[in-house]
Amino acid sequence: MGMFIEHCRNRNTNQMNELWVEKHRPRSVSEIKGQPAVVERLSVYAQKKSFPHLLFAGPPGTGKTTAAMALTRDVFGKEFKQNLLEMNASDERKLEDIRNKVKQFARTSPFGGAKFKIIFLDEADALTNDAQGALRRIMEQYAETCRFIMSCNYSSKIIEPIQSRCAIFRFRPLGDKDVLEQVQEVSASEKIVIDDEAANAVVAISLGDMRKALTALQVAAAIDGHVTRNMIYETTATAPPEALQQYLLACREDGFHAARRRLRELLDKFGLAGTDFVNQLHRELYNTDFLSELAKLDLTELMAEIDFRLVEGGGEQLQLDAMTARICQALTQ
Amino acid sequence: MEHPVQPTDWTERYRPASQKELEGNDSARRRIQSWLKEWDGGMPNKRGLLLVGPPGVGKTTMARAIAIDKGWNVIELNASDERNAPAIRRAATRGSMHHSLFESYDEGERQKTLILLDEVDHLGGSFASMSEKRIHNSFIADEEKKVTIKGDSGGKAELLNLLQKTKQPIIMACNDAMRLWGGVNRRSSEDKVKKLAELIAFKRVSEDARRRIIQRVLKGEGYSIDPGAIDLLVRSNAGDLRALVKDLQTICSITNEHIDLNAVKGMLELGRRDTAVDLFPGLEKLYRSKTAKSAVSIARLLDKDPDQMAAWVTWNNSIVHTNRKSIHRGARALSQADIALPVRFTNRAYRSWYWGSNLSTLAASVIGDVPQGRLSMSYPGFLRRGNEPWRKLGLIEKLADTCGCSKKAATRELFPPLAALHSTEITSGDSLDFSISMALGFAGDEHVALCGLDSRLKATQKIIEKYDKQVEDEKTKSDFSTDVKGSSVNDASAITNSKKASESAESEEEAVEGDDEPQGPPAGQSTLF
Chain A
1 MGMFIEHCRN RNTNQMNELW VEKHRPRSVS EIKGQPAVVE RLSVYAQKKS FPHLLFAGPP
61 GTGKTTAAMA LTRDVFGKEF KQNLLEMNAS DERKLEDIRN KVKQFARTSP FGGAKFKIIF
121 LDEADALTND AQGALRRIME QYAETCRFIM SCNYSSKIIE PIQSRCAIFR FRPLGDKDVL
181 EQVQEVSASE KIVIDDEAAN AVVAISLGDM RKALTALQVA AAIDGHVTRN MIYETTATAP
241 PEALQQYLLA CREDGFHAAR RRLRELLDKF GLAGTDFVNQ LHRELYNTDF LSELAKLDLT
301 ELMAEIDFRL VEGGGEQLQL DAMTARICQA LTQ
Chain B
1001 MEHPVQPTDW TERYRPASQK ELEGNDSARR RIQSWLKEWD GGMPNKRGLL LVGPPGVGKT
1061 TMARAIAIDK GWNVIELNAS DERNAPAIRR AATRGSMHHS LFESYDEGER QKTLILLDEV
1121 DHLGGSFASM SEKRIHNSFI ADEEKKVTIK GDSGGKAELL NLLQKTKQPI IMACNDAMRL
1181 WGGVNRRSSE DKVKKLAELI AFKRVSEDAR RRIIQRVLKG EGYSIDPGAI DLLVRSNAGD
1241 LRALVKDLQT ICSITNEHID LNAVKGMLEL GRRDTAVDLF PGLEKLYRSK TAKSAVSIAR
1301 LLDKDPDQMA AWVTWNNSIV HTNRKSIHRG ARALSQADIA LPVRFTNRAY RSWYWGSNLS
1361 TLAASVIGDV PQGRLSMSYP GFLRRGNEPW RKLGLIEKLA DTCGCSKKAA TRELFPPLAA
1421 LHSTEITSGD SLDFSISMAL GFAGDEHVAL CGLDSRLKAT QKIIEKYDKQ VEDEKTKSDF
1481 STDVKGSSVN DASAITNSKK ASESAESEEE AVEGDDEPQG PPAGQSTLF
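Sequence lines, in order, name chains A and B.
With the working numbering, letter number 98 in the first sequence gets 98, and the count goes up by one each step, no holes.
Just remember that the working numbering sits 1000 ahead of the position in the second sequence, which is counted from 1.
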C-alpha cells in the first residue's frame, strides 16, 4: 500500500482526476456493451424517442443505471437533466417521499417542448410496500406526461401491480467477453499498455461487474502506464487463483504447518484481511478438481462459520488457524 | 375526462369506457348490476362495494365505467394521496353526507357522485380511530395551533365512518383483503367492513377473454398476428389484462404490421413477469444439478434473494429428498445459512448474503441424488398468508392485546394453559365449550386454532359455524339489553363484558390447575390478567 501511495505522488496523476467508470460510461444506448437483447429493444425506443414504463432487473454492475441514463440522453438530448428526476430508493424509500417528491414532479408539465418527463428510481426494491402501492396510480394518472424507469436487483421484491404496469427487462451478468472488450477499449483510449494476462485478471476479479473492472484498471494504471497481471492482483487486494489452489494443495499434501506458512505469506503479500481471504478462497473452491461436491459443501459450511465468527469479533489468526486445521483434516481423510 | 389526443399508452387507449366493453368476471359483474339497481330506487343497505382481486382484472376500470354509464361524477382517492382521517374526511365524508353538495342536476335528474377509494389495502395503520379533537385541530387555519398528522393514521376508521354516513355510492378496490383487515383483530375488522360494504371477488381473466382483447387491440392498431403467436401470448399471460396490453405494445413497438411467433418469443425471453416465470422448472434444474458450480449458476437465474432461497429450499428439501442422510446434510447447511443471513442487519456485513445463498443452493443440489420422474415441489407454506401458523400469530396478537401483556408473555404463559384447557388429550377439555374464547372476544377460526384443530377439515368448519352463530345470538341479546344508541356504546359494553368474562376465565383456570397440567402455568400468571 505504501508503495502505491508513493507512486501516486511521484506520477503526474492525471489518471486519477476523473473516475473512469463515469468517464467511459456509454452516453448512448448504442454504445452499451453486452445485453444484446436489451440493447436491441432499447434502441428502438431511443429512435422513436418514446417508451412505456420500464423495469430493469438484474445483479449489480450489469448496466441498469447506464442503460437508463443512456436512454434518457438519447430521448432528450443535451438538456436531459431538466426533465429527469433521479431518486435512489434506498435513501428515499418512504411513503411520504413518493407522495411528495415523485407526485409533485410527475404532475407538472415537461420543460422545453419535451413530450414527457422521466423519473428514474434506482434500487426500487428498497421501496417499502406502501411506497410501491402509492406509485401505482401515479404511474397511470400521469403516464402521458411522465415515464418511469425503475431498477432493482430482484424483481420479486417489486409488487405485482407495478410489474403489471411496466415492460420488464432482465439484465444478465456480463460475459467475460463483454468485460474484456470494454477493458481493452478503455486502455486504448487512456493510452496505457496492458498485458493480455493482466486484462484477463481484471476480467476474473470483476465477476461480471463492469464497475469493479474499470476501477481496478484505473488504480493499477495510476502506478504505471504498463499494467501487468501482478499489479492488478496487488492493487485490488486479491490473491491470484493459483496461489489459493496452492494453499489448498498444501493443506492436503504438506500438512498444517506448511499450509499455515503459505497462508501468512499470502496475507502479507497481497494485503488481505482475514475475511477477504476466506471469501476469495471460497470463490476458488468450486474450481478445485480434487474435491468431491459434498466436500465442497462441507468446506463452504466451515468457511461460512469462520467468516461469521470473524464478523462477530473473533481473532483473525486464531480463526484462520482453526480453518486451516479443519481443511487439512477434511482433505487428508 | 375526454382526451383530445389518443393516449400513447395502450392500456389507457383501450381502457373500456362502458360496462358493456368489459371482459371476464361475469358473476362479479352481475352482482354489481344488482347493487346499482338498488341505487336507482333510493339507497341500498350497503352503500359500498369492495372489489377484491389480483392486478389487471378490471377493478378500477369497472368503477370508472359505472360512473360514465350512469353519468355520475367521480371523486378518487388512491394510495398516492394522503389518506389519514382528516384527509378522507375533507375529501369525501363531509360532502357525501349531504345530497345538495355532491349532486348536480342534469336534465332535471339528480346526479350522484361516486367516491372511488382505490388500493384500500395500502391504507396504513389499523382500524383504531383518531380522536375527534385531533381531526378537528388539523383543520384549524392558525398555523400554531394546527395539528399535523403523519402517514395514514386513522384512515381505516374514517373509512368505516364514511361508509356509515354516506348518501353517495362508494366503491373500494384492493388486491389483498387480508392486508386491509390487518393482523390484529382481523376478524372483527372484516365483520365491520362487510356489514357496510358488499365484498365482490374478481378473478384472473379467462383465456377466451384474453384472446378477444388481443384481437380487439390489434384490430384497432392495424396489426395482424399468427395463430401460434396469439396462442403463446394468451398462454404466457397470468390473466392480467393490463400486462397483456402492455406486452402487446412492447411487441408492436419493434415489429411492423405483422406479429409472428418469434416476436412473441423474443419478448417473453427478455421480460417475463414474476407471475409468469415458471419457478418450478428452474428449481427442478437446481435440484438435479450435480456440481456446486452449476447449481450456483442456475440459482442466480431464479430471481430469489438469499432469504427467499433459503425458505424455498428448506420447505422443498423435505419433499424432494427421501434419504435420511441427505436430509440431515441439507438441514445442517441450511441451519448455517440461517445464522449467516441476519448478520447483515447486526453487523452490516453484506457478504453474509453470499454465504446464505451459496449454502442454501448447495443444500438443495449436492447433498444427494433426487428421485427420477417429476418432483412435486410446492410453495413454502409459511410464506403464504392465512394458513395455520399465520392464524396462530393472529391469535397471540389478539390475546396480548386483550390481556394487555407482551406477545412474548402471551406466547409463553397465556397460550399453553388456554390450549391445554381445550385439548381433549390433556385436560379432557371440549372444543365445543366456547365460553372462554367468547369471553376473550375470539372469532370462530381463532377458537379452533386455540383448540389445535385443522381448519381444512369439515368437522372443524362446522364448529366454526356453530361458534359464529352463538356469537351472533349473544350480540343480538346484548343489543336488546343495552338500548342501541350507537356503535361506540356497543363497543364499550363489549369490552366490559369480555373483561368480566376473562375474570371468570381466570378463576376457571385456577380450578383446572389441580388437574395435573403438563405445561403448568407459571406463578406470575395471574398478575398478567
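Since the hints were derived computationally from the structure, they do not count as laboratory data.
Heads up, a few of these hints could be off.
Quick partial rundown of chain B residues pointing at chain A, CB under 8 angstroms, derived from the structure [unchecked claim]:
| hint | residue |
| --- | --- |
| 1 | GLU1012 |
| 2 | LEU1261 |
| 3 | LYS1265 |
| 4 | GLU1269 |
Please read all numbers here as calculations on a predicted model, not as lab measurements.
Cβ coordinates follow ideal geometry from the N, Cα and C atoms, glycine included.
Here is how each hint holds up against the structure:
A cut of 8 angstroms between beta carbons decides the hint on GLU1012 of chain B: the least distance to chain A is about 6 angstroms, and the hint holds. Because the closest C-beta pair between LEU1261 of chain B and chain A is about 17 angstroms apart, greater than 8 angstroms, the hint is violated. Interface hint status for LYS1265 of chain B: violated, as the beta-carbon distance to the closest one in chain A is roughly 11 angstroms, over 8 angstroms. For GLU1269 of chain B, the interface hint holds, since its Cβ comes within 8 angstroms of a Cβ in chain A; the closest pair sits about 7 angstroms apart.
Checked against the numbered hints above, the structure breaks hints 2 and 3 and satisfies the rest.
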